[in-house]
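Peer 1: First to last, the sequence lines map onto chains A and B. Just so you know, we're using this note's numbering here: the first sequence kicks off at 775 and counts up by one. Just so you know, we're using this note's numbering here: the second sequence kicks off at 766 and counts up by one.
Hints are computed from structural coordinates only; laboratory data are not their basis. Since this is a predicted model, take the numbers as computed values, not measurements. Treat the hints with care, as some may be off.
What the simulated footprint calls covered on chain A by chain B, stretch by stretch (three residues with Cβ under 8 Å from a Cβ of chain B suffice, anywhere in the stretch; the number is not a length) [claimed, not checked]:
#, region
1, 812-824
2, 874-885
Taking beta-carbon pairs under 10 Å as the criterion, some of the chain B residues facing chain A (in silico) [stated by the list, open to error]:
#, residue
3, 800
4, 802
5, 807
6, 810
7, 824
8, 842
9, 855
10, 856
11, 857
12, 870
13, 871
14, 872
15, 873
16, 874
17, 879
Using N, Cα and C, we set each Cβ at its ideal position, and we do this for glycine too.
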Amino acid sequence: LAKTTQPISMDSYEGQEVNITCSHNNIATNDYITWYQQFPSQGPRFIIQGYKTKVTNEVASLFIPADRKSSTLSLPRVSLSDTAVYYCLVGGLPGGGKLTFGQGTILTVHP
Amino acid sequence: NAGVTQTPKFQVLKTGQSMTLQCAQDMNHEYMSWYRQDPGMGLRLIHYSVGAGITDQGEVPNGYNVSRSTTEDFPLRLLSAAPSQTSVYFCASQLAGGYSTDTQYFGPGTRLTVL
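Same shape as in the complex, but just chain A (with noise of 0.2 Å):
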């Protein structure tokens, strides 16, 4: 499975874009790249997956280079309730569950 390293922390204040980067330099070739979000007391939840490019959806954008050894999940205009830990993973199949969830990055959103 491959290693993914991210920032262990970033503050950011209300209406800026986040730019969370993810470095995963041995991504396999059948490994796709996943974002989950964790509130304090909660369970993880999933915010965004990618293989390659760009892909956005109503909550976020996934970019992914070309060499796929990176990845910046952007959130835009963050507001205080994005505050969160946010989780950077690969795998590939069969990964699935075997998932490994680094220790993420705590984003924190100021007024």
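Please build the complex by placing chain B on the supplied structure of chain A, with the hints as guidance.
Peer 2: Just chain B now, kept in the frame of chain A:
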């Protein structure tokens, strides 16, 4: 759908006691997993199951047993609780047989303290 449910929400045990953490899902998911999360840490996989009757060990299986007699239920048993097992336990389920493209759905967690 209730999604993934876990009981109890909180539990305090004494060292050496045994107990079972319950997990159920009503989404007809084949794949279920148990994780533990220690303070300030990410989640670590304890055991997982790719379907009824099939289980396997994850990263930190020692001290825990699982079984999967039905698709819906995946209980986690602590055989002889130790203070090192104080943690928050999350159960998760996933549609297919462990493909990373399938979203994992997590339960609300069980906060376990072992004295």
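Peer 1: None of the hints should be skipped; say for each whether it holds.
Peer 2: We went through each hint and held it up to the structure:
1. 812-824: holds (count 7)
2. 874-885: Held - the region 874-885 of chain A has 5 residues with a Cβ nearer than 8 Å to chain B, which meets the minimum of three.
3. 800: holds (7 Å)
4. 802: Residue 802(B) check passes; min Cβ-Cβ to chain A is 8 Å, inside 10 Å.
5. 807: holds (4 Å)
6. 810: Result: holds, 6 Å to nearest chain A Cβ.
7. 824: holds (8 Å)
8. 842: violated (19 Å)
9. 855: holds (5 Å)
10. 856: With a minimum Cβ separation of about 8 Å from chain A (threshold 10 Å), the hint on residue 856(B) holds.
11. 857: Residue 857(B) check passes; min Cβ-Cβ to chain A is 7 Å, inside 10 Å.
12. 870: holds (8 Å)
13. 871: Hint holds; residue 871(B) Cβ to chain A Cβ min 3 Å, cut 10 Å.
14. 872: Holds, about 6 Å.
15. 873: Because about 6 Å separates residue 873(B) from the closest Cβ in chain A, which is inside the 10 Å limit, the hint holds.
16. 874: holds (6 Å)
17. 879: This hint is violated: residue 879(B) lies away from chain A, its Cβ roughly 19 Å from the closest one there, beyond 10 Å.
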